[in-house]
Every structure is written in C-alpha cells, then in structure tokens.
Amino acid sequence: MLKKRILPTLLWKQVGIVKGEKFNSTRNVGSVMPSIKIYNRRDVDGLILLNIDETSKNLDPNYNLIKEFCENCFVPFYYGGGIRNLDQIYNLLKVGIDKIVINTFLYNDLNFLKKINKNFGRQFTVISIDYKKIDNKYICFSENGKKNEKIEVIDWIKKIEDIGASEIILTSIDHDGLMRGYNYEFIEKYSNKIKSNLIISGGAGIPEDMYKVFQFKNVDAVAAASLFHFKEITPKDCKLNLKAKNINVR
Amino acid sequence: MEDKVLIIDIPTSNVGSIKNVVCDLGFEAVISSKLEDIQKSRKVILPGHGTFPAAKKFLQEKKIFEYLKKYPTDKFFLGICVGMQLLGSYSYEDEKAEGLDLLKGEVKKILCRSFEKLPHIGWNQIEIKNNQSKIIKDINLSEENNVYFSHSYSLNLENLDNIVCSTPFGKNNLVSVVQKNNIFGIQFHPEKSSFLGKKILKNFLDL
Chain A
42 MLKKRILPTL LWKQVGIVKG EKFNSTRNVG SVMPSIKIYN RRDVDGLILL NIDETSKNLD
102 PNYNLIKEFC ENCFVPFYYG GGIRNLDQIY NLLKVGIDKI VINTFLYNDL NFLKKINKNF
162 GRQFTVISID YKKIDNKYIC FSENGKKNEK IEVIDWIKKI EDIGASEIIL TSIDHDGLMR
222 GYNYEFIEKY SNKIKSNLII SGGAGIPEDM YKVFQFKNVD AVAAASLFHF KEITPKDCKL
282 NLKAKNINVR
Chain B
11 MEDKVLIIDI PTSNVGSIKN VVCDLGFEAV ISSKLEDIQK SRKVILPGHG TFPAAKKFLQ
71 EKKIFEYLKK YPTDKFFLGI CVGMQLLGSY SYEDEKAEGL DLLKGEVKKI LCRSFEKLPH
131 IGWNQIEIKN NQSKIIKDIN LSEENNVYFS HSYSLNLENL DNIVCSTPFG KNNLVSVVQK
191 NNIFGIQFHP EKSSFLGKKI LKNFLDL
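Chains as they are written, first to last, in my numbering: chain A, 42 to 291; chain B, 11 to 217.
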C-alpha cells in the first residue's frame, strides 16, 4: 500500500534557510547544505526546497549550488522558485532535480503546464497553491503570498486538473509558521473534491497535527518546517506517532 | 570508457540524479547520447522521466533505438521507469507505439482501485517473486521494503518468469522489477529510494 508521506520544507533566501510567520520569513534558521545532508541521512520521504528570494523572479536558478545540493540528496527532491521556462527545467534535470514546484508563473500562463506535461510527463510537476481566507472564501495568492489572484482555490484547482496535474501542495498563509495546527476547516471542506495527489502545508506544531490531517483520507502527504526548525522534533518522531495510531507510513 | 557506466542522455529525463547516485556508489558515470559511446560501454542505464513517445522519438533521432533493440548479450542494460517501459513490445501512452521488444509485454495505464489515484506517486513496497535475480542480491526486505514510485503507466509481461519484484497497487499488482538475462528494468526510482534504492542500483553496477 502507498504510504502517507511527511515532507520537510526548506525556504531558501540569499545564503540561508529562513522561516517566519504567515509568509513573513525573515528569521534565519541555518544553512542549506547541512540541512539537506541531515534530512537525507534521516531518510525522509522527500524534501521540498523553495527559493523565495526576490531575485528568483528575474534570475535563473543557481544551477551550480543546486547541483551540489542534489549530490547530497538521495530521496525525492522538489525544487521551486521562479521557474518560468522549459530551458530552466532542462537545466534543473541535468543538475539532479527530479521534481519541480510551480506556483506564480502559472497564473500568467496556464499553458505552461500543458507544455511541461507534454515534455516531461504529468508526474513531473507539483503545483503549489498558497491561499488566504477572505470574506469566508479561500483565495489564491502568488508571489510568495503578496499578490491576490482573485480566484478561489477550488476554481483554480479545477482549471489545473483540467489540464492535468499529479500533485498539489496547498499552503494556508493564515496558518503558516504559527505552529497551531493545519487549516482543518479548509481540508474538511475541500480535500475530497481534489483528484490529484494532495500535500497539505502550513501550521504544523506538534506530531498530532499531522495525525489530524491524515484523518481526511484523501490527503496523501503533509509538509512542515517550523516544528522541525524550532522544536526538537524530527520527521521520525512524527512518523512514530502516526504509526502508533495505525496511519500507514514508511 | 569500458568500465564506466553510461547513462543515456535523454534531455527530458533526470540524468543528473542518476549520475549523482552512481558516483556516490563509487562508480564513474558518463552521460552521452552518442551511439558510439553507448556501443563501447559494458553497462548502460536508460533513465526514466518524461513520456514513452518523447523518449522513443529521441532514441530514434539519435539512432540509438535500433542498436538497443538488438542489445548485445555480453553487456548489461538497465531501464528505469519509462526506461523500463521502453523494454516492452508496445506502449499505449498517447497512442499505440512499438517499444524495444526486449521483453514481451505491453505498457498500459494502471487500472486503479477506488481509493487509489494516478499518477502512482510516493513510497510503496516491493515483494520478491524471483530471488535468483542478481539485482536483488542480499536485499533483506524485512528491514525496509519501500521504494519511491512516480508513474501512471506500467509494463504487463507475457512471461511471468521475468518478474523479479511486484508491488501491490492497482487492480492487478504492478511489475516493479524485471530481468531477462542481461536486460534489467526497474519501474520505481532507485536513485531516489534512499538506502534500499542504492543497494539495488549497486547490485546492477557490480555485475
């Protein structure tokens, strides 16, 4: 049987890893390379590295550095941040990336997803969607939580799934970094309406939060950052808790 | 060249991550799509990612496809993911197309059970069907049996004796590792399957 996954997220800004609250990530929490090495040694289910530097909008990814990261990671490695053309993807594959995460650029050009699927297969891309609750609706935000895209999450997902998606990572900006639990209200309302593999992100503070998410059977994975950075909790601790409660993890 | 491992340079494939793990295991790897380089190599890996039609088209353009169809019996060949699917006789991804026909069988979309989704993404277990295969030498699945998958199509074999491992997913179990003499195929991604994946890949590299 397919296992439920726990995916640590690393936010990469300038020279280090940062983490904050509600997408205001200014607190430096370490260096990229040692973090990757540690998670690799801990045999995690996968690792998400997101470049949230302002410059990623205009510059190409730093392939040389990413190559070094990949040389130290033998679990699935998702990379995102400013990806906007096929040349960048060819280069990322060459240096060792297996999966890409796209978010902002899709709002400008949904056709980009079609092109990626055709060239690299549908399983290659993870669609990242960041959302906030406004007037009782869940609204998509791009540009690292700054730009209101004025479309409801579930409508956006419908458009994406019509083209063909494999995995979607949903992050609640309102819950991000607060470590008070995921957005269960959203998950309860919408998780069953999503056909893609579903990764829930934003708000984990204790292992029990992940258990609560996996009560919703359609959720395939959880992502988390703060509880690994700021508390002495490891992905393995979370898995032991899940295992004890009969959630199928590896 | 001869003792180096050759990774066929399909641009839509994750050649970088395969090279990283081959090097980490202490072997030298060459990434190339030149026919003469491939002919000179004793061990060739055809990596997987992308679609069957795209990968096949590339191999044909580079004149590699015909060579692989009659792959020499004294050399070793490993197809990973789409690379394994290319070993089959036919694929139905997008449209019916001929494969390398090194293994008799067809590549079809996986038939899911009601609680399953496509693509089949994540960690799933492998079960050994033929423990004589060198690719699973010294593999002890009681410690860890999960490997990382990412695909929607799978290879259905005519000759069940070629199945080395299977995986419980879909209405019929998936074929996850195959071998026929010097030809090997792995449906999951050993390069991304942590310690167990590395062990399996090392068994191939040690041949």
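No lab work stands behind these hints, which were simulated from the structure alone.
Treat the hints loosely; a few may be bogus.
As the list claims (entries may be wrong) - Not the full set, but computed from the structure, chain B residues with beta-carbon under 8 angstroms of chain A:
(1) Ser23
(2) Val25
(3) Val31
(4) His59
(5) Gly60
(6) Tyr81
(7) Thr83
(8) Ala107
(9) Lys127
(10) Ser152
(11) Asn156
(12) Glu201
(13) Ser204
(14) Lys208
Said to hold, decoys possible - No farther apart than 30 angstroms at their CA atoms in a straight line, the calculated lysine-lysine pairs in the DSSO-like style are these:
(15) A:Lys191 <-> A:Lys44
(16) A:Lys159 <-> B:Lys147
(17) B:Lys209 <-> B:Lys50
(18) B:Lys118 <-> A:Lys258
(19) A:Lys236 <-> B:Lys119
(20) B:Lys119 <-> A:Lys234
(21) B:Lys118 <-> A:Lys78
(22) A:Lys277 <-> B:Lys66
(23) B:Lys139 <-> A:Lys135
(24) B:Lys212 <-> A:Lys44
(25) A:Lys277 <-> B:Lys147
(26) B:Lys209 <-> A:Lys78
(27) B:Lys66 <-> A:Lys155
(28) A:Lys159 <-> B:Lys144
(29) A:Lys108 <-> B:Lys119
Virtual Cβ for every residue (Gly too), placed ideally from N, Cα, C.
> Taking 8 angstroms as the limit, does the beta-carbon of B:Asn156 come near enough to a beta-carbon in chain A?
Replying inline: Holds, about 4 angstroms.
> Given B:Ser23 as an interface hint, is the shortest Cβ-Cβ distance to chain A below 8 angstroms?
Replying inline: holds, 7 angstroms
>> Given the hinted pair B:Lys66 and A:Lys155, is their Cα-Cα distance within 30 angstroms?
In response: holds, 20 angstroms
>> For the restraint on B:Val31, tell me whether the closest CB of chain A is nearer than 8 angstroms.
In response: Since the shortest Cβ distance to chain A is 6 angstroms, the answer is holds.
> With 8 angstroms as the cut and Cβ atoms as the points, is B:Glu201 at the interface with chain A?
Replying inline: Constraint on B:Glu201 satisfied, holds at 7 angstroms.
>> Take the shortest C-beta to C-beta distance between B:Lys127 and chain A; is it under 8 angstroms?
In response: holds, 6 angstroms
> Hey, A:Lys277 versus B:Lys66, does the alpha-carbon distance stay inside 30 angstroms?
Replying inline: violated, 41 angstroms
>> For B:Lys139 and A:Lys135, compute the direct alpha-carbon distance and say whether it is at most 30 angstroms.
In response: violated, 34 angstroms
> Are B:Lys212 and A:Lys44 close enough, with their CA atoms no more than 30 angstroms apart?
Replying inline: holds, 25 angstroms
> Any CB of chain A closer than 8 angstroms to the CB of B:Val25?
Replying inline: Check passed: Cβ of B:Val25 comes within 7 angstroms of chain A, closer than 8 angstroms.
>> Just to be careful: measuring from the Cβ of B:Ser204 to every Cβ in chain A, is the smallest value less than 8 angstroms?
In response: holds, 5 angstroms
> Does the interface hint hold: is B:Gly60 within less than 8 angstroms of chain A, judged Cβ to Cβ?
Replying inline: holds, 5 angstroms
Hints 6, 7, 8, 10, 15, 16, 21, 22, 23, 28, 29 from the list above are not met by this structure, while the remaining hints are.
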